Amino acid sequence: MEKKKIRNDLILIFVIFALCISAIVIVLLSHRRKDNLVAKVYVRNDVVEVIDLSIKEERLYEIEGTEGYLTISAKNGGVAVIHSDCPNQDCVHMGYVYETNRPIICIHNGVYIIIVGKAFNDVEAG
Amino acid sequence: MKKLPILFLPISCLCACSTTNTKLPLVIMEYYFSSLVEVRLYDGSREDLREIPSLLDKYDQLSDNYHQKGNENSVYTLNETNDEVTVSNDLHDLLEKALELKTATNGYFEPLIGKLSKLWKESLKNKQVLSQSVIEEELDKINNSELILLDEATQRMGQAEIDLGAIAKGYALDKVKEYLDAKEEKQYLINAGNSSILLGEKNTKSGLFNVGLKYYNNAYLSLKNCFIGASGVQEQGVSIDGVTYSHIINPFTGSAINNYDFTFVVGNNGALVDALSTSFMMMDLKQIQQIEATFNVYSLVFKDNRMVYCNENLEVKYH
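Chains A and B, in that order, are what the protein sequence lines are.
Quick note: the first sequence, position 37, residue 170 per the numbering used here, numbers continuous.
Quick note: the second sequence, position 221, residue 1308 per the numbering used here, numbers continuous.
Simulated from the structure, these hints should not be mistaken for laboratory data.
Please note that a few of the clues may not be correct.
Pairs of lysine-lysine, PhoX-like flavour, derived with a Cα cap of 25 Å [claimed, not checked]:
hint, chain 1, residue 1, chain 2, residue 2
1, B, LYS1262, B, LYS1311
2, A, LYS138, A, LYS173
3, B, LYS1145, B, LYS1212
4, B, LYS1156, B, LYS1145
5, B, LYS1292, B, LYS1311
6, A, LYS173, B, LYS1301
7, B, LYS1208, B, LYS1301
8, B, LYS1301, B, LYS1404
9, B, LYS1214, B, LYS1145
10, A, LYS208, B, LYS1311
11, B, LYS1208, B, LYS1390
12, A, LYS189, B, LYS1292
13, B, LYS1214, B, LYS1189
14, B, LYS1212, A, LYS173
15, A, LYS173, B, LYS1228
Incomplete in silico selection of chain B near chain A, CB under 10 Å [to be verified]:
hint, residue
16, ARG1127
17, MET1244
18, LEU1286
19, VAL1298
20, LYS1301
21, TYR1303
22, ASN1305
23, ASN1312
24, GLY1316
25, GLY1319
Quick caveat, the model's predicted, so the values are computed rather than measured.
We put the beta carbon where it would ideally sit given N, CA and C, even for glycine.
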C-alpha cells in the first residue's frame, strides 16, 4: 500500500515536471518564432509594406488599396486591419492574426496580408 | 582632441570545415578602421586568408587621423606638421586617390575636412550645434589649405587637417581585391563595418549574395562581384530639437544636416563607391544621376524612411 502511494507520488511529480518543461519549451519556441516573423502587405501583386512582428509596441500603417484606404495595426507579434474603406468589413472582423497560415484578405481593396518568416541575408549594409 | 581607441579584437577564428557535400567558408573577424571587419573566403586556403588582415591593418594605420599607429608616417603625422613629410608609396597613392576623388565628386568629398569634422563630433557629443562662427572659421582654413604631393615627400599646407575616413575602408578593399585576384580567388565576402563591402561570388549556383538594407525592413538586393558603399545618419546621427545632425559634413557650407537618411552605391571600385555614398548624402538627385552615368555606378537613396531614388539597374526585393 505504502509502495503504491510512493509510486503514485513519483508519477505525479514526473507528470508535473514534464508539463513544466513542455510549457517552457512551448513559450521559448513561440517567442523565438515570433522574433523571426514579418507581415507582408500586398496591393494586387506588389509588396507595399513589410512589417517586423518582433516589435511588441503597436504600430499603425496607412495603406492605399485599389478602392480606398486601410489602417493596419501590428503589435505583440500579430497583425490586424483595424479600419478599411470596404463595404463588408470582413478584413476588419478577422481581428489580430498571429499564424503564418491565416492571410487577411480585403478583396474590395485588392489587399492581401500574410505572415511569413524573415529570410536570411548574407550581409547587412547600413 | 578625443582619440578613438584602437581596437584589435581577434574575435575569431579560422574555421575550416569539410563535409562530404558542403564546404563552410573560412572566416576572420577583426577590428580595423574602428569597425568590425568580416572576411569570408568560400573556397580559399588559410594562408590566403591570413594575408588579408595585414593589408587592412596597413591602411588602417596609414589613414588614422586620431592616433599614430605603428612607426610609419601616416595621415596623423601629416596633420601634426606643415613640414614636408616622407611617406611610403602606399600612403602617397592613397593621398593621390583622395585628391582624385575630390575632383570626381565635384568637391563633395573633401580630404581636408578633418578639423571641422572633429569639431562637429565633439559638439554633437555634447548635444550642441557647432556655432556658425566656428564653421566659417574652419571653412576658411579648408579653403586656404592644400595637400601637396611631391615625388619624395608630402606636405600639408595650412591649418586644415586631413581626414580620409570616407574612403579608407573602400580603398583598403580595393587592395584586398587586387590580392584576391592575384590568388585567383573568386568566392568571398569582405564586410568592413557594413558601410564598405566587397562581394565576389557566393558558393551557390547563382553566386549571388543577399545584401540586406539594415534600417529598411526586409529590403534586400541580390548582388555579386561588386563593391558597395553605404552611408547614413542612422548609426552616428544625433537629433537636436527635432533636427538630425550627421557625421557627414558638407565641405561647402560646413553643415552637418544631410539631404537624405541613407545612400547605397554599387560599383567596381571600393574607394569610389565609398566617396560617392558620402557625397550623395549632400547632393540633389540630378547631381547623383549625373555622377552615376559618369562613373557607371548604381545607387539607392532613402529619405524619411522611404526610397526616393533607385537606379534602374538595381532591384530592391523584400523577404
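Are LYS1214 (chain B) and LYS1189 (chain B) close enough, with their CA atoms no more than 25 Å apart? Violated, because 30 Å separates the two Cα atoms, which is more than 25 Å.
Going by Cβ atoms only, is ASN1305 (chain B) closer than 10 Å to chain A? holds (4 Å)
Taken at face value, is the distance from the CA of LYS1292 (chain B) to the CA of LYS189 (chain A) at most 25 Å? Violated. LYS189 (chain A) to LYS1292 (chain B) sits at ~38 Å, over the 25 Å cutoff.
For the pair supplied as a hint, LYS1156 (chain B) and LYS1145 (chain B), is the alpha-carbon distance within the 25 Å limit? Measuring from Cα to Cα gives roughly 9 Å; hence the hint holds.
Interface restraint verdict for ARG1127 (chain B) against chain A (beta-carbon cut-off 10 Å): holds (9 Å)
Would the hint linking LYS1208 (chain B) and LYS1390 (chain B) be met if the CA-CA limit is 25 Å? Holds, because 22 Å separates the two Cα atoms, which is no more than 25 Å.
Does GLY1319 (chain B) pass the interface hint, meaning its C-beta sits closer than 10 Å to a C-beta of chain A? Hint on GLY1319 (chain B): holds, closest Cβ of chain A at ~6 Å, below 10 Å.
Holds or violated: are the alpha carbons of LYS208 (chain A) and LYS1311 (chain B) at most 25 Å from each other? violated (36 Å)
Given LEU1286 (chain B) as an interface hint, is the shortest Cβ-Cβ distance to chain A below 10 Å? For LEU1286 (chain B), the interface hint holds, since the closest Cβ of chain A sits about 8 Å away, which is under 10 Å.
Given the proposed pairing of LYS1301 (chain B) with LYS1404 (chain B), does the C-alpha separation stay at or below 25 Å? This hinted pair holds, its Cα atoms lying about 13 Å apart.
Regarding the pair LYS138 (chain A) and LYS173 (chain A), is the alpha-carbon distance no greater than 25 Å? violated (56 Å)
Report holds or violated for the interface hint on LYS1301 (chain B), using the least CB-CB distance to chain A and a cut-off of 10 Å. holds (3 Å)
Checked against the numbered hints given earlier, the structure breaks hints 2, 3, 9, 10, 12, 13, 14, 15, 17 and 23 and satisfies all the rest.
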